[in-house]
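Chains as they are written, first to last, in numbering that gives the first Met the number 0: chain A, 0 to 362; chain B, 0 to 368.
Everything labelled a hint here was simulated from the structure, so no lab data went into it. Bear in mind the structure is a predicted one, so any value in this text is a computation, not a measurement. Hints may be right or wrong, so weigh each one.
Unchecked claim - Residues on chain A that point at chain B, a partial pick, calculated with CB under 10 Å:
(1) Glu12
(2) Ser57
(3) Ala356
Stated by the list, open to error - Listed below are the simulated DSS-like cross-link pairs for lysine-lysine, each with C-alpha atoms no more than 30 Å apart in a straight line:
(4) Lys345(B) x Lys59(A)
(5) Lys345(B) x Lys194(B)
(6) Lys168(A) x Lys128(A)
(7) Lys168(A) x Lys334(A)
(8) Lys59(A) x Lys194(B)
Said to hold, decoys possible - Far from chain A, by Cβ distances over 12 Å, these chain B residues were calculated:
(9) Gly74
(10) Val90
(11) Val93
(12) Ile167
(13) Glu202
(14) Tyr209
(15) Ser291
(16) Thr303
(17) Ser334
Just so it is clear, CB atoms sit at the ideal spot from N, CA and C, and this is done for glycine as well.
Listed below are the residues making up each chain.
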Amino acid sequence: MGPRFEGRFFDGESANALPAAATFEAGGLFVELPSRQFSWRYRDIVVLDAQGDACRLSAKHEPDAALVLPADARIALREAAPRLHGPHVAGRRLGAAVAIMILVAGAVAALLFFGVPAASGPMANATPKSFETRIGANMAAQIQTVFRRCGSDEANALIAPVLSDMAEKGDVGFDIEFAFVRTGAPNAFALPGGQVMATSGLMDAVGEDQEAFLAVMAHELGHVRGRDGLRAFYRNAGLGVLLEIVTGGSGLAQQAVLLGGQLTQLRHTRHQETQADAAAFEIMERTGLDPAALARAFEAITDHIGEIEDGDEDRDLPNWLKTHPDTDERIAAAKARTGDAGPLPLTPEEWAVVSAACRKKAD
Amino acid sequence: MSDTNKTSSSAVRGDTLPVGNRSTILAMLWIGFYTTILNIFTLTIFRFWGRTHFRRRLWADTFVGDDSIEYTGRGLELFIGFVIAIFTLMVPFVGAVVAAQLLLGPEMLVLVIIPLYLALFVIIGIAIFLARRYHLSRTRYRGIRFAQTGSAIGYGFAAFGYGILTAITLGWFGPEARIRLSRRMWDNAYFGSEKFSFANTEEAMREPVYASFAVAWVGGILAYGVWVAWLTLEMGGSDFDPAATQDVEFIVRLYLSMIPLIIFIGLALAWHEAVMIRRIIKSLEVGGLRMSSRISTFDIIELTITNVLLLIVTLGFGFMSVQMRVWRRVANRMSLDGEIDFATIKQNEHMAPSQGEGLADGLDIISNF
Chain A
0 MGPRFEGRFF DGESANALPA AATFEAGGLF VELPSRQFSW RYRDIVVLDA
50 QGDACRLSAK HEPDAALVLP ADARIALREA APRLHGPHVA GRRLGAAVAI
100 MILVAGAVAA LLFFGVPAAS GPMANATPKS FETRIGANMA AQIQTVFRRC
150 GSDEANALIA PVLSDMAEKG DVGFDIEFAF VRTGAPNAFA LPGGQVMATS
200 GLMDAVGEDQ EAFLAVMAHE LGHVRGRDGL RAFYRNAGLG VLLEIVTGGS
250 GLAQQAVLLG GQLTQLRHTR HQETQADAAA FEIMERTGLD PAALARAFEA
300 ITDHIGEIED GDEDRDLPNW LKTHPDTDER IAAAKARTGD AGPLPLTPEE
350 WAVVSAACRK KAD
Chain B
0 MSDTNKTSSS AVRGDTLPVG NRSTILAMLW IGFYTTILNI FTLTIFRFWG
50 RTHFRRRLWA DTFVGDDSIE YTGRGLELFI GFVIAIFTLM VPFVGAVVAA
100 QLLLGPEMLV LVIIPLYLAL FVIIGIAIFL ARRYHLSRTR YRGIRFAQTG
150 SAIGYGFAAF GYGILTAITL GWFGPEARIR LSRRMWDNAY FGSEKFSFAN
200 TEEAMREPVY ASFAVAWVGG ILAYGVWVAW LTLEMGGSDF DPAATQDVEF
250 IVRLYLSMIP LIIFIGLALA WHEAVMIRRI IKSLEVGGLR MSSRISTFDI
300 IELTITNVLL LIVTLGFGFM SVQMRVWRRV ANRMSLDGEI DFATIKQNEH
350 MAPSQGEGLA DGLDIISNF
């Protein structure tokens, strides 16, 4: 006969406590109550509290029953059934659970870093163009509630046909909707569905150089052709939903995942930027522009950023070049494409109207 | 518990039944520490298990009379509940918001987004109710389960309506809302076959709810006003250069300045918080036992200051210790008076929810309790 302990028993039917005597026998725990006696097999016993100053036990088939014994009964239980209730058992179970969680986390990370970016391209290609155009128009309307449109009807009427011609010759595949927006950062962006915007800061940066401006536009048309805006949207939405699902929207690990996600996105964006540069060269060659103008645009933008940072203005505005591949490399690549150029699409007078329409400073 | 050999009689009569908690900071620090570390390696999936470990310890260390309460919830239940809530609610919600943003113009967008966000407030109330239902269904004392009945949707709409009233009255409906929501919960709570009741006892009604709220309201506004004034001076008023907000030194000073702000707001709220805890606990009765609380303003002040320090010193690992210390103080200041006949209290027949508090988790609205 094994060790015997006095304690209390709750039968799970009423809150009344019954005096109990429990003996650890070879086949199981033998419990004597005033009115009855029974045995719990060791494999059925559930330890309710592994610490604390009482040993609380229950049984799988009587989950509401509780046998409360002195703390020493835990040692007796481990000795009676070391394989079922040894100190290593709970640790091993938890270890297995954590291992599964780490595997799941690994699978999620793989999805985050590879699956979502890889799926964004085919998803964008499978999206009907009319749908993308609608998405782009709504995004543009929303952006323009934050970044105010600027420029004149006359300037827009001059530049719109030039961009449409470039888009047609470059097989961009979308009608181009162009707008100037007022913000100091020298920037241009292509939203889904052919929405292209240039900032007043970009006009400040390129100044008189019509061809440099058109080079930046050719680059944005490259993004439109690659449907990069829609791909970025799918990628961000995928990352966002995945993060929400896994982390519940907060916590340290989420920050780590977010940072990782941004890094993959940066890498991906660099790839798209290189492709957009290549598309820009092609579009410019087809429209009789000198691809080297893209190099002048990069230089003008870099100089302009240096200028506004020295002046300590607008330092917190987004930096157009930060998400782009190494600028020196791109300048070199653009210069290498120098070719014969035809006449510029706008006369100097027309360009003066366009370039002055949204600029902050006079040259 | 400490005296396991004692043979309890079925009825406890006349005396005050001791209530308390004997958790230690060290035990909770350890759970907080390994939960944080494992959260990093499991992309926070472990948090459901960490929270379960915390509750098991906290519940087991909490005693009423001769016995401790017991938490029977499982990490897997919380995880499954969370996954269900995410896929049935959060993903469709986010999907609807994103689709509206993509497919609607700015004017139509407002018409769709505002009702969606208003619905979210109702859902938050529902989630709080469901989380509470899960808590009680997984809490057991002397082999008898607790339960929460009542309508989660009704609670959600009530919380939403009270929230609007509180906003309209600049916070002054807040204490009344808190009491009403507590009543809604407790009037539908059970210990086995025994129903809790939230009664406006004479003692509960004597608590100076609105006098203490006035102090909190004025004090809170003053503390916040002083902080905003300091911030304005610090930022150089109208000459402020927005770029300076990027400076690490400024950000550090901003965060450091929030410590006295939190402490001052804590001080302003302390009396009211103590009053509200006593007001609610003193209203509760179950099976002939009347609950009472002696928690004081000083308790709240001391807890606020020491808990902020504990969080800072432990670099955040101490969050479970902080929650435990609040619970422990509330429990140690509680007492149960009257008589209860345990033999007459039968097992609870209400259906327990099979999953955890997923909705609340998906919405990030509950603590680690």
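Each hint tested on the structure:
no.: 1; hint: Glu12; verdict: holds, 5 Å
no.: 2; hint: Ser57; verdict: holds, 9 Å
no.: 3; hint: Ala356; verdict: violated, 24 Å
no.: 4; hint: Lys345(B) x Lys59(A); verdict: holds, 20 Å
no.: 5; hint: Lys345(B) x Lys194(B); verdict: holds, 11 Å
no.: 6; hint: Lys168(A) x Lys128(A); verdict: holds, 19 Å
no.: 7; hint: Lys168(A) x Lys334(A); verdict: holds, 22 Å
no.: 8; hint: Lys59(A) x Lys194(B); verdict: holds, 28 Å
no.: 9; hint: Gly74; verdict: violated, 8 Å
no.: 10; hint: Val90; verdict: violated, 6 Å
no.: 11; hint: Val93; verdict: violated, 6 Å
no.: 12; hint: Ile167; verdict: holds, 28 Å
no.: 13; hint: Glu202; verdict: holds, 26 Å
no.: 14; hint: Tyr209; verdict: holds, 35 Å
no.: 15; hint: Ser291; verdict: holds, 21 Å
no.: 16; hint: Thr303; verdict: holds, 23 Å
no.: 17; hint: Ser334; verdict: holds, 19 Å
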